[in-house]
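Student: In order, the protein sequences belong to chains P and V.
Read in our numbering, the first sequence has 613 at position 609, and its numbers run on one by one without any break.
Read in our numbering, the second sequence has 66 at position 60, and its numbers run on one by one without any break.
By construction, these hints were calculated from the structure, which means they are not laboratory data.
Glycine is no exception: its CB is placed at the ideal position from the N, C-alpha and C atoms.
You may find that some hints are simply not true.
[Unchecked claim] In silico DSSO-like cross-links for lysine-lysine, where the CA-CA straight-line distance does not exceed 30 Å:
1. P/Lys465 <-> P/Lys437
2. V/Lys110 <-> P/Lys131
3. P/Lys673 <-> V/Lys110
4. V/Lys49 <-> P/Lys390
5. P/Lys61 <-> P/Lys77
6. P/Lys618 <-> P/Lys301
7. P/Lys673 <-> P/Lys135
8. V/Lys79 <-> V/Lys49
9. P/Lys301 <-> P/Lys285
10. V/Lys159 <-> V/Lys110
11. P/Lys515 <-> P/Lys465
12. P/Lys390 <-> P/Lys423
13. V/Lys49 <-> P/Lys185
14. V/Lys49 <-> P/Lys207
15. P/Lys185 <-> P/Lys207
16. V/Lys159 <-> V/Lys49
17. P/Lys135 <-> V/Lys110
18. P/Lys135 <-> V/Lys49
19. P/Lys185 <-> P/Lys131
20. P/Lys61 <-> P/Lys85
21. P/Lys301 <-> P/Lys135
22. P/Lys673 <-> P/Lys220
23. P/Lys77 <-> P/Lys7
24. V/Lys12 <-> P/Lys185
[Said to hold, decoys possible] A few chain P positions that, by computed beta-carbon distances, are all more than 12 Å from chain V:
25. Glu179
26. Glu647
27. Pro650
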Amino acid sequence: MPKLTIDDREIEVPSGLTVLQACELAGVEIPRFCYHERLSVAGNCRMCLVEMERAPKPIASCAMPVGEGMVIKTDTPTVHKARKGVMEFLLINHPLDCPICDQGGECDLQDQAMAFGFDRGRYAENKRAVKEKFMGPLIKTIMTRCIQCTRCVRFSTEIAGVEEIGLVNRGEHAEITTLEKAVDSELSGNLVDVCPVGALTSKPYAFTARPWELRKTNSVDVMDAVGSNIRVDTRGREVMRVQPRLHEDINEEWISDKTRHACDGLGRQRIDQPYVRRDGKLVPASWEEAFGAIASKMDGLAGEKMAAIAGDLCDAESMFALKQMMNGLGSENLDCRQDGAKLDASTRAAYIFNSSIAGIEAADAVLLVGTNPRWEAPLINARLRKRFLASGLKIGMIGPQVDLTYQVEYLGAGGETLKDVAEGRSSFSDILKNAERPMIIVGMGALARTDGGAVLALARKLADEFGMVSDDWNGFNVLHTAASRVGGLDLGFLPGEGGRDLESILDGAGKGEIELVYLLGADEIGMNNLGKAFVVYQGHHGDAGAHRADVVLPGAAYTEKNATYVNTEGRVQLGRLAGFPPGDAREDWTIIRALSAQVGEGLPYDNLGQLRQKLIEAHAVFAAIDQVQPGSWTDFGAAGDLEAAPFASPVANFYMTDPISRASDTMAKCTEAFVLGKQEGATGTDG
Amino acid sequence: MQVEMKDQINAVVGRYQTRRSAIMPALALVQESVDRLHGDVLKEVADVLEVPEIWVYEVATFYGMFNTEQVGKFHLQLCTNVSCMLAQAERLLQHLESQLHISKGGTTPDGLFTLSTVECLGSCDTAPVLMVNQDYHENLNEHRIDELLVQLKRQAAT
Numbered sequence: 005m006p007k008l009t010i011d012d013r014e015i016e017v018p019s020g021l022t023v024l025q026a027c028e029l030a031g032v033e034i035p036r037f038c039y040h041e042r043l044s045v046a047g048n049c050r051m052c053l054v055e056m057e058r059a060p061k062p063i064a065s066c067a068m069p070v071g072e073g074m075v076i077k078t079d080t081p082t083v084h085k086a087r088k089g090v091m092e093f094l095l096i097n098h099p100l101d102c103p104i105c106d107q108g109g110e111c112d113l114q115d116q117a118m119a120f121g122f123d124r125g126r127y128a129e130n131k132r133a134v135k136e137k138f139m140g141p142l143i144k145t146i147m148t149r150c151i152q153c154t155r156c157v158r159f160s161t162e163i164a165g166v167e168e169i170g171l172v173n174r175g176e177h178a179e180i181t182t183l184e185k186a187v188d189s190e191l192s193g194n195l196v197d198v199c200p201v202g203a204l205t206s207k208p209y210a211f212t213a214r215p216w217e218l219r220k221t222n223s224v225d226v227m228d229a230v231g232s233n234i235r236v237d238t239r240g241r242e243v244m245r246v247q248p249r250l251h252e253d254i255n256e257e258w259i260s261d262k263t264r265h266a267c268d269g270l271g272r273q274r275i276d277q278p279y280v281r282r283d284g285k286l287v288p289a290s291w292e293e294a295f296g297a298i299a300s301k302m303d304g305l306a307g308e309k310m311a312a313i314a315g316d317l318c319d320a321e322s323m324f325a326l327k328q329m330m331n332g333l334g335s336e337n338l339d340c341r342q343d344g345a346k347l348d349a350s351t352r353a354a355y356i357f358n359s360s361i362a363g364i365e366a367a368d369a370v371l372l373v374g375t376n377p378r379w380e381a382p383l384i385n386a387r388l389r390k391r392f393l394a395s396g397l398k399i400g401m402i403g404p405q406v407d408l409t410y411q412v413e414y415l416g417a418g419g420e421t422l423k424d425v426a427e428g429r430s431s432f433s434d435i436l437k438n439a440e441r442p443m444i445i446v447g448m449g450a451l452a453r454t455d456g457g458a459v460l461a462l463a464r465k466l467a468d469e470f471g472m473v474s475d476d477w478n479g480f481n482v483l484h485t486a487a488s489r490v491g492g493l494d495l496g497f498l499p500g501e502g503g504r505d506l507e508s509i510l511d512g513a514g515k516g517e518i519e520l521v522y523l524l525g526a527d528e529i530g531m532n533n534l535g536k537a538f539v540v541y542q543g544h545h546g547d548a549g550a551h552r553a554d555v556v557l558p559g560a561a562y563t564e565k566n567a568t569y570v571n572t573e574g575r576v577q578l579g580r581l582a583g584f585p586p587g588d589a590r591e592d593w594t595i596i597r598a599l600s601a602q603v604g605e606g607l608p609y610d611n612l613g614q615l616r617q618k619l620i621e622a623h624a625v626f627a628a629i630d631q632v633q634p635g636s637w638t639d640f641g642a643a644g645d646l647e648a649a650p651f652a653s654p655v656a657n658f659y660m661t662d663p664i665s666r667a668s669d670t671m672a673k674c675t676e677a678f679v680l681g682k683q684e685g686a687t688g689t690d691g
Numbered sequence: 007m008q009v010e011m012k013d014q015i016n017a018v019v020g021r022y023q024t025r026r027s028a029i030m031p032a033l034a035l036v037q038e039s040v041d042r043l044h045g046d047v048l049k050e051v052a053d054v055l056e057v058p059e060i061w062v063y064e065v066a067t068f069y070g071m072f073n074t075e076q077v078g079k080f081h082l083q084l085c086t087n088v089s090c091m092l093a094q095a096e097r098l099l100q101h102l103e104s105q106l107h108i109s110k111g112g113t114t115p116d117g118l119f120t121l122s123t124v125e126c127l128g129s130c131d132t133a134p135v136l137m138v139n140q141d142y143h144e145n146l147n148e149h150r151i152d153e154l155l156v157q158l159k160r161q162a163a164t
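Kindly produce the complete structure, drawing on both the sequences and the hints.
Tutor: So this is what it looks like as structure tokens:
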């Protein structure tokens, strides 16, 4: 550990750090543009100059490794003069358009010009102008503002794994370009965050709000099961944008494009008042009328003729309340697996991402089964890529053949290949056997099928066979696609004693054995299979469920309620209310609480605190916020034969997987550009 | 692209640790047989090398010796870096411009001459220096430049 002196203070830092990192550890702020702690060092902006004893001139601290006995000074006239000079050069070709720039108020260049710059310009010649570039439907470019830090180039090649952005020409003529192609990455929105100036800004957010007029609420994302930490920026009750929030164990500081840009769907297609179906048409109704319609249907109806299905975006509180109400009414017909996944809730280890997401960085061999992580969980895919780049992680793939942005050994399409690997007949078996920390990631593409239970059991056997589970390592991972799923399994939103599962509920509804189906935000089930059943839909968007429903109850979307979610790792996280739900819509658990009183099964809580208390009493895992409770490694899965059909990813279109993203205009544009293969016309002008 | 060219490029690849390193020699090879390194050529080079297109673009546009724009039969590259500048290179530039009736970066209408300025050609002891295609012309003055232009025009005519 080298010892060095920074501004007359001695500090010991780990070797291998740069001077800039050492200064940060010493609590000294160093201005920078090109340096980013998660990207490689470029050293081209020169803003981080500091003085080093015995060096003839200031050094770029971001590119200088620490050495024993170094004496660094960051607050001398020489350093100030050097920074002022660099700042003046950077501003020579930077336009003075801050009043119309979307980065204004949160711009590194603006802030650092205030802190370290000269108070007037001395440059009277013409500034250069650069043509705008086309980067797809999410990123707006104003290239004249670019200071050539190349953070975007490094982000796209290193993190996103798409080599599409580059720096062309040289010196004064250098510019960033994409060759007029949209940046085909699920993480492209992060380019806007890494850009220290206003050259890359968010296209959908353009000219809509200023950072100082937004209220910021820390929350968690529900667009996939990763549970990315986000910050929801609202003005009034309208969500203006979603930004990432640092969580090293989950999303680091990135979020996917769907997480970031689907928020415009929160303002469209919303259900803002109750509806009741009369003469085949849904007509607006009051809460009393809606509840009355449900109560009269439930009146005298036996519990086993009712069923409830929870959707992918549900919070734990509302599922718990609905479960208690349904159980109270005598119904055990519950299911939170609306894709029909054959998940086994007997032990937590059977359905969570046991190794944890950060644990990927310790793995040395991974077998992907029936999953396309790039579309199902882009941030887990980014983690896999990070590990691949750092250590040459060996990755085998069974399932869909897709480009994951890193090198994969494609083994086969279906259960037969999985069996080969498990029984040591595949070339990848040896790799798993020789690995110290092997892991398997089983996706819904392998479990949401009739032989899912057998696949699960085989995957478990494989995990045992190749030493994936030991005292300090559990490499058995299930990758969920629904934010509600692990929470639902934790609190047992599943068929009870003699209850029906999803398949059986739909079957029963078709045959008339189930007369009432309560859909809690469930839109992905085959609505045609519900037969003549009376359908109650509680949710926030007019999607498939509301279309089929006989009574529609307006609920709250994820930004409009205080609620608990459990991510695919089994990590319990709290989402927070950023803006109130529209119109008559209410937080979901309150709707169920109110309805329960109407149907004679009043639930024993009147506020969220009491509800959470009851939830924790029944299921202790919900008490530990931001922690992962492991499960015991017992037997799970079901016996049976594997089918020949190949594993297919459940996500056919990354940009549209739930009612919110389906209502989003931005996601529709992304679908058009990246999925349907059509691209917006490239322009060389603004807009 | 000709099959032989592809073979030549692939032969070059073997000399380097990564395929990316072969971009420069590959472009130099290809440039000998094309008017200019336009987008389609760069795309083809990228395909042969199996590297992202943008990498080839970056290299081709960075270096002055790769011509992404069409140049005349004689590419006059005048050094205007420090040593040559002190030896009156800027006056020579004006002289060339007035003799050829083009400005820096332009090509004469007959397609014979393209005039550009470059940074140090590494021949400071013989400044000022002009590079015509691959040949150096050293210790220049206006009179020698006039002679050179006459000679080049004659060369073009035969």
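Student: For each hint, tell me whether it holds in the structure or not.
Tutor: Hint check:
no. : hint                  : in the structure
1   : P/Lys465 <-> P/Lys437 : holds (14 Å)
2   : V/Lys110 <-> P/Lys131 : holds (20 Å)
3   : P/Lys673 <-> V/Lys110 : violated (45 Å)
4   : V/Lys49 <-> P/Lys390  : holds (28 Å)
5   : P/Lys61 <-> P/Lys77   : holds (12 Å)
6   : P/Lys618 <-> P/Lys301 : holds (29 Å)
7   : P/Lys673 <-> P/Lys135 : holds (23 Å)
8   : V/Lys79 <-> V/Lys49   : holds (25 Å)
9   : P/Lys301 <-> P/Lys285 : holds (18 Å)
10  : V/Lys159 <-> V/Lys110 : holds (19 Å)
11  : P/Lys515 <-> P/Lys465 : violated (38 Å)
12  : P/Lys390 <-> P/Lys423 : holds (29 Å)
13  : V/Lys49 <-> P/Lys185  : holds (14 Å)
14  : V/Lys49 <-> P/Lys207  : holds (29 Å)
15  : P/Lys185 <-> P/Lys207 : holds (15 Å)
16  : V/Lys159 <-> V/Lys49  : violated (35 Å)
17  : P/Lys135 <-> V/Lys110 : holds (22 Å)
18  : P/Lys135 <-> V/Lys49  : holds (22 Å)
19  : P/Lys185 <-> P/Lys131 : holds (27 Å)
20  : P/Lys61 <-> P/Lys85   : holds (12 Å)
21  : P/Lys301 <-> P/Lys135 : violated (64 Å)
22  : P/Lys673 <-> P/Lys220 : holds (27 Å)
23  : P/Lys77 <-> P/Lys7    : holds (15 Å)
24  : V/Lys12 <-> P/Lys185  : holds (26 Å)
25  : Glu179                : violated (9 Å)
26  : Glu647                : holds (38 Å)
27  : Pro650                : holds (28 Å)
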